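J.: Read off the chains here:
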Amino acid sequence: DVKVTQSSRYLVKRTGEKVFLECVQDMDHENMFWYRQDPGLGLRLIYFSYDVKMKEKGDIPEGYSVSREKKERFSLILESASTNQTSMYLCASTPWSATNEKLFFGSGTQLSVL
Amino acid sequence: EDKVVQSPLSLVVHEGDTVTLNCSYEVTNFRSLLWYKQEKKAPTFLFMLTSSGIEKKSGRLSSILDKKELFSILNITATQTGDSAIYLCASPGAGSYQLTFGKGTKLSVIP
Chain A
1 DVKVTQSSRY LVKRTGEKVF LECVQDMDHE NMFWYRQDPG LGLRLIYFSY
51 DVKMKEKGDI PEGYSVSREK KERFSLILES ASTNQTSMYL CASTPWSATN
101 EKLFFGSGTQ LSVL
Chain B
1 EDKVVQSPLS LVVHEGDTVT LNCSYEVTNF RSLLWYKQEK KAPTFLFMLT
51 SSGIEKKSGR LSSILDKKEL FSILNITATQ TGDSAIYLCA SPGAGSYQLT
101 FGKGTKLSVI P
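Here the protein sequences line up with chains A and B, keeping their order. Quick note: the first sequence uses my numbering, first residue 1, plus one each step. Quick note: the second sequence uses my numbering, first residue 1, plus one each step.
In short, the hints are calculated from the structure, not lab data. You can take every hint at face value.
Simulated crosslink set (EDC-like; lysine to aspartate or glutamate; CA at most 16 Å straight-line): (1) B:Lys106 / B:Asp83; (2) B:Lys103 / A:Asp38; (3) A:Lys53 / A:Glu72; (4) B:Lys3 / A:Asp59; (5) B:Lys41 / A:Asp38; (6) B:Lys106 / A:Asp38; (7) B:Lys40 / A:Asp38; (8) B:Lys67 / B:Glu26; (9) A:Lys70 / A:Asp51; (10) B:Lys3 / B:Glu26; (11) A:Lys70 / A:Glu30; (12) B:Lys103 / A:Asp59.
So these bits of chain B aren't anywhere near chain A, every CB distance computed over 10 Å: (13) Ser52; (14) Ser58; (15) Arg60.
As the structure is a computational prediction, the values presented were derived from the model and not from experiment. In this text, a Cβ means the ideal position worked out from N, Cα and C, and glycines have one as well.
One chain only, chain A, in its complex shape:
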């Protein structure tokens, strides 16, 4: 089974801190994604990457950056955390072929910014 692992289940940070959220997948998938999920707003795409060192902005990239130095690892960086970034963050990966657009999700990181 595909495993997508997020490094922290719960995280509490202070306003202005630099925050790193790590995600690792073990299935050699080309494509990796970061979503945030908020009540009433659903899942919104922050950034995605379709190859090592490649990244594309999603719908809400402001205040975030990403890093993909190795195929299996995709990091989300909050340069200066703010309270409106308190949210559930979900990482996902997919091989994304013409016949398989299924995303595999990690367990999520609930981030609270105080």
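Please arrange chain B on chain A, whose structure you already have, making use of the hints.
T.: Coordinates of chain B only, in the frame set by chain A:
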């Protein structure tokens, strides 16, 4: 802009009831529609639908796609408390790697 709209946003039913969750979509160059179940942790994949009128079934869950009317339904028969979850519907965007998600339907099944 691609859109996926789910209804209702929340639903409370008693064990044993049958429920129908709705998902309508407006997606350029439609390829597929996916259903996920999210309990406390990661969304888990339920179904991927690509062809109109063909029902996909897994135990008490089933789903069907209508490409003419641009919607899909997810049916759950004989609901159990373990079916309580957020059900997400999504479709890939035109020419991109993104999935556009609906806001989800929160289903609560009470004993």
